[in-house]
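Position chain B against the provided structure of chain A, taking the given hints into account.
There are 2 protein chains.
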Amino acid sequence: MIKKPTVVHNQIIADTSVFSIERVSLRFTNGAEVDYERLRGRDGGAVMIIPLLDVDTVLLIREYAAGVDRYELGFPKGLMEEGESAESAADREIKEEIGHGSRRLTLLKTLSVAPGYTNFETHIVLAEDLYPKRIPGDEPEPIEVVPWRVDDFTSLVEQEDFLEARSIAALYLLQHYMDKKCSPKKTL
Amino acid sequence: MIKKPTVVHNQIIADTSVFSIERVSLRFTNGAEVDYERLRGRDGGAVMIIPLLDVDTVLLIREYAAGVDRYELGFPKGLMEEGESAESAADREIKEEIGHGSRRLTLLKTLSVAPGYTNFETHIVLAEDLYPKRIPGDEPEPIEVVPWRVDDFTSLVEQEDFLEARSIAALYLLQHYMDKKCSPKKTL
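Protein sequence lines, in the order shown, are assigned to chains A and B.
The numbers in numbering that gives the first Met the number 0 rise by one with no breaks, and the one at position 37 of the first sequence is 36.
The numbers in numbering that gives the first Met the number 0 rise by one with no breaks, and the one at position 134 of the second sequence is 133.
Just so you know, these hints were derived from the structure itself, not from any lab.
Nothing here was measured: the structure is a model prediction, and the numbers come from that model.
Glycine is no exception: its CB is placed at the ideal position from the N, C-alpha and C atoms.
Treat the hints with care, as some may be off.
[To be verified] Taking lysine-lysine and the BS3-like style, the derived pairs with C-alpha atoms no more than 25 Å apart in a straight line are:
1. B/Lys179 to A/Lys179
2. B/Lys94 to B/Lys132
3. A/Lys108 to B/Lys94
[Said to hold, decoys possible] Chain A residues, not near chain B, derived (Cβ > 10 Å throughout):
4. Tyr35
5. Asp53
6. Glu80
7. Arg91
8. Asp128
9. Val144
10. Trp147
[Unchecked claim] To list a few chain B residues with every Cβ distance to chain A over 10 Å, as calculated:
11. Ile1
12. Ser84
13. Lys94
14. Lys108
15. Asp128
16. Val145
The following block holds chain A by itself, in its conformation from the complex (with noise of 0.2 Å):
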């Protein structure tokens, strides 16, 4: 185990209604002190789902992207609301975003997403045995749901609007989950 630096100073130099910021100053273990700026979300995490819809599709969504400025494709995500469970937020979500339920949710792994300058994490959840449920959301328009044929993943990942880093490794983490799933010893 590493031993990590140490807080010598903080301080929140910016507080906004969605954004925190804060000053650090640590100092490592050889004695080196270093500032920081880190950004404290308000909220609990955020979740990303893959919806398949059976064995050989997944759903996708294009929607607007306030941070970059244009639509893009990716899997439906959202945050988390509080006492929420990171599946409890995922069936919301595709229920608000893609209008199915799931009663198979299945936790594939908590990715930290820029992890030297925010403690903002991602759940990735893979929602199976997928039922029609459309539940309102706080989405300014309708989303754009758009089905993808799993084996063909090498296209997806070369569309021009497919480019966020938390999808493209949903598609890694689906492929190693179903890789273990279909040959459990060549893993053990």
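Chain B alone, transformed into the frame defined by chain A:
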């Protein structure tokens, strides 16, 4: 081509040495108006590098990540400096972090990271034909270099400290690149 929302109002509401936070009101084509906060990095973006030491081995690093306050295993990465291309930034970063330069740099894809909140982008660069070369970086302590076998990514993705979305996306992009290179007919 989907028509993007228009900006009704925007304002910088926080401004630190690393981050700038903008509040923006957007009007969607259906008339809906929504307020967002979005984060602007001061810098041009980042590179993450997949250093291929030989055909069987990638080089990872384990370093302290201030945002999550822990050590994480992942691919080398860093911010681009002014005037640098993704390839030149990648070459500099691996000289600083793993003590190797590269004679063959290939940009695999440029990824968004939390595109709902920020315009921050990361270029994933494959570095081949490595040679020993170290230049001083700005790291507060020596970085641990961790070789990993390409045929053992299954155990890598299960490591408790290998959890960054961009690093896992990089595994997928490497595999995609190698698949195309080794069986070009398959993808056409």
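Evaluation of the provided hints:
no.	hint	result
1	B/Lys179 to A/Lys179	holds (24 Å)
2	B/Lys94 to B/Lys132	holds (6 Å)
3	A/Lys108 to B/Lys94	violated (31 Å)
4	Tyr35	violated (4 Å)
5	Asp53	holds (22 Å)
6	Glu80	holds (16 Å)
7	Arg91	holds (17 Å)
8	Asp128	holds (25 Å)
9	Val144	holds (14 Å)
10	Trp147	holds (15 Å)
11	Ile1	violated (5 Å)
12	Ser84	holds (19 Å)
13	Lys94	holds (19 Å)
14	Lys108	violated (7 Å)
15	Asp128	holds (25 Å)
16	Val145	holds (12 Å)
Hint compliance for this structure: hints 3, 4, 11, 14 are not met, and every other hint is.
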